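Enquirer: Produce the complete structure using the sequences and hints provided.
Residues in the sequence shown are numbered from 1 upward in steps of one, following this note's numbering.
These aren't lab readings, by the way, just hints derived from the structure by calculation.
Please read all numbers here as calculations on a predicted model, not as lab measurements.
Possibly wrong hints are sitting among the right ones.
What the hints assert, rightly or not - Here are the in silico distance ranges between beta carbons for each label pair: (1) 26 - 119: 42 to 52 Å; (2) 29 - 125: 43 to 53 Å; (3) 123 - 35: 37 to 47 Å.
Cβ atoms here follow ideal geometry from the backbone N, Cα and C, with glycine treated the same way.
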Amino acid sequence: MEEPIYVGQSQLLHYWPSMMVTSAVVGYLFGGPIASLVLLVPGVVVALTLPWRFAVLDRGIALWFPFGKYRYLAKEQVTVRVGLGSTVLLPRRAERFGYPLTDGLVERRRLTLRAVLTEHGFDVAS
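Expert: Structure representation (structure tokens):
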């Protein structure tokens, strides 16, 4: 893999789904199926849809998900929306669904990320 230009990650998103699934298993053993479903479903949904780490590379963006899933999107296939809210990576074929690019709880480096994406030829929208 090539050298990353910018790396962002959220430790909360890395560990939270695993803690939720573990709590669901413990809840099932000691409580019941309803309590475990309340914990299991959100944990699995977050783990499958929200990347905990991302890396901006010269040719695209790499995403890492909590349960080991990895996805690479070439820069020609994506638009990155950087505005006042969270930065979102939008695959070209999916107009409404995107991957939030979180950089911890407080996203202070949003302007730096925007500058890096623009400098390396990514399609950046506001």
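Enquirer: So, for every hint listed, does it hold in this structure?
Expert: A quick look at each hint next to the structure:
Under the hint 42 to 52 Å, the C-beta atoms of residue 26 and residue 119, about 47 Å apart, fit the expected range. Under the hint 43 to 53 Å, the C-beta atoms of residue 29 and residue 125, about 47 Å apart, fit the expected range. At roughly 45 Å, the beta-carbon separation of residue 123 and residue 35 lies within the given 37 to 47 Å, and the hint holds.
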